[in-house]
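Using the sequences provided together with the hints, build the complete structure.
2 protein chains.
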Amino acid sequence: MNRVRIGIVGIGNMGTAHARYVSGGEINGAELAAVCDISADRLRWAKEQFGEALHTFESVDAMLDSGTVDAILICNLHFDHPSTAMKAFARGIHVLCEKPAGVYTKQVREMNEAAAASGVKFAMMFNQRTIPLYKKLKDLIDSGELGEIRRTNWIITNWYRSQSYYDSGKWRATWAGEGGGVLLNQCPHQLDLWQWTVGMLPSRVRAFCSFGKYRDIEVEDEVTAYVEYPNGATGVFITTTAEAPGTNRLEVTGERGKIVIEDGKLTFWRLRVSEPEFNQTFKGAFGQPECWKCDVPVSTDSKAHKAITQNWVDSIRTGVNLIAPGEEGIRGLTLSNAMYLSAWTDGWVELPLDEDRFHELLQERIATSRYQSNT
Amino acid sequence: MNRVRIGIVGIGNMGTAHARYVSGGEINGAELAAVCDISADRLRWAKEQFGEALHTFESVDAMLDSGTVDAILICNLHFDHPSTAMKAFARGIHVLCEKPAGVYTKQVREMNEAAAASGVKFAMMFNQRTIPLYKKLKDLIDSGELGEIRRTNWIITNWYRSQSYYDSGKWRATWAGEGGGVLLNQCPHQLDLWQWTVGMLPSRVRAFCSFGKYRDIEVEDEVTAYVEYPNGATGVFITTTAEAPGTNRLEVTGERGKIVIEDGKLTFWRLRVSEPEFNQTFKGAFGQPECWKCDVPVSTDSKAHKAITQNWVDSIRTGVNLIAPGEEGIRGLTLSNAMYLSAWTDGWVELPLDEDRFHELLQERIATSRYQSNT
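These protein sequence lines are chains L and D, in that order.
If you're matching positions, the first sequence starts at 1 in full-length UniProt numbering and goes up one per residue.
If you're matching positions, the second sequence starts at 1 in full-length UniProt numbering and goes up one per residue.
Everything labelled a hint here was simulated from the structure, so no lab data went into it.
It is possible that some hints are incorrect.
[Said to hold, decoys possible] Think about it this way: if two alpha-carbon atoms lie no more than 30 Å apart in a straight line, the pair counts; the simulated BS3-like pairs of lysine-lysine are:
(1) LYS213(L) / LYS293(D)
(2) LYS106(L) / LYS170(L)
(3) LYS293(L) / LYS265(D)
(4) LYS213(L) / LYS170(L)
(5) LYS138(L) / LYS306(L)
(6) LYS265(L) / LYS293(D)
(7) LYS135(L) / LYS283(L)
(8) LYS293(L) / LYS293(D)
(9) LYS283(L) / LYS213(D)
(10) LYS265(D) / LYS265(L)
(11) LYS136(D) / LYS293(L)
(12) LYS306(D) / LYS138(D)
(13) LYS138(L) / LYS265(L)
(14) LYS283(D) / LYS136(D)
(15) LYS47(L) / LYS303(L)
(16) LYS136(L) / LYS265(D)
(17) LYS47(D) / LYS293(D)
(18) LYS213(L) / LYS47(L)
(19) LYS87(L) / LYS283(L)
(20) LYS213(D) / LYS138(L)
(21) LYS265(L) / LYS136(D)
(22) LYS138(D) / LYS293(D)
(23) LYS293(D) / LYS283(D)
(24) LYS293(L) / LYS213(D)
(25) LYS293(L) / LYS283(L)
(26) LYS106(D) / LYS213(D)
(27) LYS303(D) / LYS293(L)
(28) LYS213(L) / LYS138(D)
(29) LYS283(L) / LYS170(D)
(30) LYS106(L) / LYS138(L)
(31) LYS87(D) / LYS106(D)
(32) LYS170(L) / LYS283(D)
(33) LYS306(L) / LYS265(L)
(34) LYS106(L) / LYS213(L)
(35) LYS213(L) / LYS283(D)
(36) LYS138(D) / LYS265(D)
(37) LYS170(D) / LYS87(D)
(38) LYS293(D) / LYS265(D)
(39) LYS293(D) / LYS136(L)
See the structure below:
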């Protein structure tokens, strides 16, 4: 296949970042062909930045119908991700979608079905899947080194956002404008990594969200969630945008020990024999399994966004497996949807999620949101 | 006052440990005068160990009425702590009680009222209050260095207990024999330190307990609890006896930063200006308060049990303040009672606790317990 002609949907912060490295020739086998945005000013600016040969369009449809792009990178509003992707699928155009996959799983499920039917290459921009620490954690779990998972615990509170950040756009941190707060805007990477590394979703969720607790916003700025997995393991996920300096610490325990990722390091406390085996054979009072603190080598080479874009382009050209298949975007979103639903109903939420119920309660909040979009 | 003549109630593991250092002359102004135990064998053994001059009794009443003791150290079964203490109070005899204060707060409240009416010195064996790391944490909170508390998080999972430990006594880990599991047997120190260092109890609790999940026992071997404090702060407490090597990590965040105690170290991440002040004045998009990672000196001198016993003896002789007033034992017990009640009712538990409701549900479990005591 010739070079993949990429179109960028939405030339804001993230769209511009992607446009820069694609137009800079940093993705083998791809070129920046077009950009679409609702702002004529931004389109003029894009031509100045990326050359007069760049095709610009004021609508997604116009770009998709122009014959100038083989693939699009979706960087518009969260709510519009699924509909934009589905327009591309209908035309056989490949899609790489910024996180989150969407705002509610009901629309994302439709997107996934359309993707499967189309046969195009569909990926999510889960660039943190390329971070060696998390790849190594997944490796240690997938290969059985940690044994059956017992407990997961992620304290991810280093997402500090000031009131001035929220005030910088009227759509920010509103139900109608963004559809969520720290879970939907800051945490999609961690929610994806949480399920991706341990290889399972919970069977039920009980979450406690505070809405506008530390900031003048509609959505949540603090969350504690407790989950139970199908294998009996439990987990906790804690996040907020109001703490400084915050913490980023992921602990996963299994039958063969404990892994902690914190401060850019992964430590594996490995039991010489598994805990269940020790427990079965030990006859004394206060003993415990022999434990080795292991230094596991982890590469420091993190390629981030470019690695995901390159993998997607490679997949289009040569069929290699996707690092972050688009269909998996629904998994992390299911977690945040379930957390909201649990907080709103002050009760347990079983998975699979009651998507209609979630959508209904979200719509109630959108209807009374302080932000009223034009659409 | 002359030397305080101490009687030990129950000469098992802990009773023996206390008897050794008291009889060894390690507590200034005190002597080991008597021991009582229901086992004649243990009493004979005690005379062999501590000398023929030791008075021995087969009942608490006999010891208390003998005129041989001024003060008792209670180390018998959890259920009997309050009734034993009240017998001493009625006779003007001072009390130092092993943790927990009792099994349910209803009986402990009666004990506290009797203690107050008696005017004797009543202390709890919360020896971990003498650990310099926790004293320093309390100091940094009490003095306002950390500012208003925002969030607490204690992962205390290094209480490994094998099945053989539980099998070593029929009363162990039964509702009738011990009245609880990891919360009542292993965690009383942490539950006390959790409330003592931050200086407040939650206003409500939502807890998730697994009963006999990893061990063949009646009571809980795994707990995750979420709490909300009167000032709006939130907290999480996680414990289990089934993990190796386990974790002991306490994180407390406040308006002026974050303190973490782990691996025998205390680290204070101190904000130069408080978070609320930064948030009010900052006008940019992604900034956050300047943060200093501070090495705070912490003494390594931990005197443990002996320090509590010495303080209690000093208080009897000279009136110094108690490190762990007996009346405060109810605070940590309130936390564990609330966690059980939340798990049993699968819902929120508000504090002050509904003590009658808790007692009623505990009695149901005791009635069907596999352990049937003789009393």
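Structure-based check of all given hints:
| no. | hint | in the structure |
| --- | --- | --- |
| 1 | LYS213(L) / LYS293(D) | holds, 27 Å |
| 2 | LYS106(L) / LYS170(L) | holds, 26 Å |
| 3 | LYS293(L) / LYS265(D) | holds, 18 Å |
| 4 | LYS213(L) / LYS170(L) | holds, 18 Å |
| 5 | LYS138(L) / LYS306(L) | holds, 21 Å |
| 6 | LYS265(L) / LYS293(D) | holds, 18 Å |
| 7 | LYS135(L) / LYS283(L) | violated, 38 Å |
| 8 | LYS293(L) / LYS293(D) | holds, 26 Å |
| 9 | LYS283(L) / LYS213(D) | holds, 20 Å |
| 10 | LYS265(D) / LYS265(L) | holds, 18 Å |
| 11 | LYS136(D) / LYS293(L) | holds, 29 Å |
| 12 | LYS306(D) / LYS138(D) | holds, 21 Å |
| 13 | LYS138(L) / LYS265(L) | holds, 15 Å |
| 14 | LYS283(D) / LYS136(D) | violated, 35 Å |
| 15 | LYS47(L) / LYS303(L) | holds, 27 Å |
| 16 | LYS136(L) / LYS265(D) | holds, 27 Å |
| 17 | LYS47(D) / LYS293(D) | violated, 55 Å |
| 18 | LYS213(L) / LYS47(L) | violated, 42 Å |
| 19 | LYS87(L) / LYS283(L) | violated, 65 Å |
| 20 | LYS213(D) / LYS138(L) | holds, 26 Å |
| 21 | LYS265(L) / LYS136(D) | holds, 28 Å |
| 22 | LYS138(D) / LYS293(D) | holds, 19 Å |
| 23 | LYS293(D) / LYS283(D) | holds, 25 Å |
| 24 | LYS293(L) / LYS213(D) | holds, 27 Å |
| 25 | LYS293(L) / LYS283(L) | holds, 25 Å |
| 26 | LYS106(D) / LYS213(D) | holds, 28 Å |
| 27 | LYS303(D) / LYS293(L) | holds, 29 Å |
| 28 | LYS213(L) / LYS138(D) | holds, 26 Å |
| 29 | LYS283(L) / LYS170(D) | holds, 16 Å |
| 30 | LYS106(L) / LYS138(L) | holds, 28 Å |
| 31 | LYS87(D) / LYS106(D) | holds, 17 Å |
| 32 | LYS170(L) / LYS283(D) | holds, 16 Å |
| 33 | LYS306(L) / LYS265(L) | holds, 23 Å |
| 34 | LYS106(L) / LYS213(L) | holds, 28 Å |
| 35 | LYS213(L) / LYS283(D) | holds, 20 Å |
| 36 | LYS138(D) / LYS265(D) | holds, 15 Å |
| 37 | LYS170(D) / LYS87(D) | holds, 27 Å |
| 38 | LYS293(D) / LYS265(D) | holds, 13 Å |
| 39 | LYS293(D) / LYS136(L) | holds, 29 Å |
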